[in-house]
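Participant: Residue numbers (my numbering), protein chains in the order written: chain A, 668 to 795; chain B, 43 to 699.
If you are wondering where the hints come from, they were derived from the structure by calculation, not from laboratory data. This one's a predicted model, so the numbers in the text were calculated from it and none came from an experiment. Hints are not guaranteed to be accurate.
[Claimed, not checked] Here are the simulated DMTMM-like pairs of lysine to aspartate or glutamate, each with C-alpha atoms no more than 20 Å apart in a straight line:
#1 A:LYS670 with B:GLU304
#2 A:LYS729 with A:GLU673
#3 A:LYS670 with B:GLU411
#4 A:LYS711 with B:ASP106
#5 A:LYS787 with B:GLU105
#6 A:LYS761 with A:GLU795
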Amino acid sequence: MNKRTEIIAGLLVLLIVIGVPVGSVMAKWAGIGREPGTIDVVLKQFERGGFPREIHVKQGEKVRLRFTSDDVTHGFIIGDLGLDAGVIHAGKFKILEFVPEEKGRFSYVCSIRCSPLHSKIRGYLVVE
Amino acid sequence: MRKSSQLIILLALITAIMVWPMLGFAETGKVVEIDVTARQFEFSPGKIVVQQGDRVRINLNAEDVTHGWYLDGYDVNVEDEPRDQEINSIEFIADQAGRFSFRCSATCGPFHPFMMGTMIVEPRSTLPMALVLTIVVALLSLVYVTYRGRQVAPEVAAAIEVNSVSLTEKWPWLKTLLRQRWLQYVLFTVNTFFFAIILFAGYAGTGVGNANFSIIFVWIVWWALLILLLIPLGGRIWCFMCPLPAPGEWLDRRTFIGKGRERDRNLVTRGWPKQFNNIWLQNFSFLVVALFSGIILTRPLATAIVLTAFIVFAIVFSLKYGKRVFCRYLCPVGGFIGLYSLVAPLELRIKDKETCRKHKEKDCICGNENGYGCPWMEVPWNMERNAYCGLCTECLKTCPKDNISVNWKPFGTDLLVAKGKGIDESYKAIIMLTCAIFYSIVFQGPWGFVKDWANLQMPGFFGYVGIFLATNLLVVPFLFAFAIWLGKGMAESKMPSAGFLASPISNLVEIVKKLLGKEAPTAVETAAAEEGKLPGMKKMFVDLSYVLVPMGLAGWAAFCLSFLFINGAYILNVLSDPFGWGWNIFGTATIEWKPVFTGVFPYLQILILLVGLAYSISLGFKLVRQYRVEASVAWKALLPVAVFLTLLTTIFMWLYV
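Same shape as in the complex, but just chain A:
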């Protein structure tokens, strides 16, 4: 059998097996389907890891948070700043834009009961 054909056939398989994951990761880094400057925030139930501990943003610069839930419906509110992302459905995306005016650590919580340990969910928006 033609050796060249075999090599091409093998390379094609290799390309698929390596290309799919590598390509996907690169596309993610390249920011496909996401406006530049967007911070992705994945929300989880407390038992499954909860919300991100901290989200870092810069004072006076526009912040664009894109939320999604990895399990059930969550909410996201920062009481001190009067921000509420509304209802965040699992597998769906929600965007919250704002400009932080003052420096500090502002705690955020989940506003929709998401498990028995819902009230334990807590994290901080750090404005630098």
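Take the given structure of chain A and dock chain B to it, following the hints.
Facilitator: Only chain B this time, still in chain A's reference frame:
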């Protein structure tokens, strides 16, 4: 054959006319208010009954996390957040009578797609009608087969060959195509591409099953395609293109397309332990996968791990034993595809036995420069059933006598072939049918506690394991054995010894002993009974168990229909955003979840189940007639089996209608 298909069409028409949604309603003016509590993963009440014309008000109260309440057929939806002050309500007029499913519409965890309940709008005509129809169809098919009894030739097998059409002769281009070595490689590669996405999505994508390519493409697209289309028409055609054994095969052969290293067939067959030369390992591997289906079907990561395990096993077995040992003896899917492929009209066979007899080189099993000896370790000139032919087309490539043909024949002819039947396949038929019922109960029923068990909630899961295994391996085999025992007794007007009723237990003991030992399980007594008499019950048990094949396939088809139309929108979603990363490649990622055809598919399920029942009963009659007994004797022997089949159909009707 043609007559029976006419009967099926006639029955289908009657069904369609009789059970089509009852029209006409008058508003009763009554307001029915129902408080529905939603928690993971059930609604309470799980069943709501109202009168046609009622104004229904549903007050939804979510207890643990956010849930929704969507009603099929009415297309109304309400959502409620837990522990909030307000209770969200929806109001509508119940103007269509019938049975409708309501389901959660806000993703609430792994079992979310299966959180559902039933709303019945009376006059509830569908279920009683469906049950009556079930009995009518059962009786009609019994009467029909008895009436036709004298015409049903006992040697059905002989009549079959005349009816089959050789596709490779009819279309020479097809033969040329199937002989190309690159064909399987191209299909492997295309499917490898999809599986690469599936695996990556499982490992790296979102944990939300219905937003993840792996769950949607494996358990909705592939499974439904397999059950509804590929198996009923093409039999093992999936095995031709399945990419899971491809890496192992490539490594073993050391080529991708061309003819590479060939394993000596005898070394492969001798190397494989004798006691596993049957599908018992596949029976057990399927039971294990089915036991954990609550996890595998709902968690992308679990799906990816299971598929990876399949690939690893396939590689290990390819390198250790060679050929398609994994596919033939181990793959849980391959086992039931093989059994259900007996229904399929597509077959690969030799054209002429004499040509094979005269041909001493046997390229089809030894291989030559054009291809490999049968990777499935079949012997083409002895093949009378689809069961273990992987349709890999190697023999089409190797045969120097052009003696291989791909044929199209009437549905289900292989079910009548006596050669090759065995108790391992009987149990496969029983397990698959029982599992279809289990899947329907766990995934499409309103019972939250069963879902909790299947979701590995302890200690309930242990009870579930016990019930599941006992039903599959003891209860259903016992009921079937009882039907055989009763039928034989009735036909011979003398009850046989009741010892046979313990056979499910003795079968299991024997099988476990043989599988653990080094002995090959003994074949079931094959000694032909005296002309015109029924054979022993063990043989009848095996022979007649094939009536469960069409019935089981119908049950699985009904199960597939119940989720395919509901979750179709997710298919479009994950095409655009396979990993749940917020992509929108084709612009379909944000299409809202919306069930379609919810008013129609239950009727389709009724139709499929009734066709399955009628087909199984007429098959049973033909199988009994193969003993060359009088039609009147056959009728009596079949009656309890027909009742057993009718009962099973009733369970499906109760679950789906």
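Participant: Could you run down the list of hints and mark each one as holding or not?
Facilitator: Quick rundown of the hints versus the structure:
{"no.": "1", "hint": "A:LYS670 with B:GLU304", "in the structure": "17 Å, holds"}
{"no.": "2", "hint": "A:LYS729 with A:GLU673", "in the structure": "54 Å, violated"}
{"no.": "3", "hint": "A:LYS670 with B:GLU411", "in the structure": "15 Å, holds"}
{"no.": "4", "hint": "A:LYS711 with B:ASP106", "in the structure": "15 Å, holds"}
{"no.": "5", "hint": "A:LYS787 with B:GLU105", "in the structure": "17 Å, holds"}
{"no.": "6", "hint": "A:LYS761 with A:GLU795", "in the structure": "24 Å, violated"}
Violated hints, listed in ascending order, are 2, 6; each of the other numbered hints is respected by the structure.
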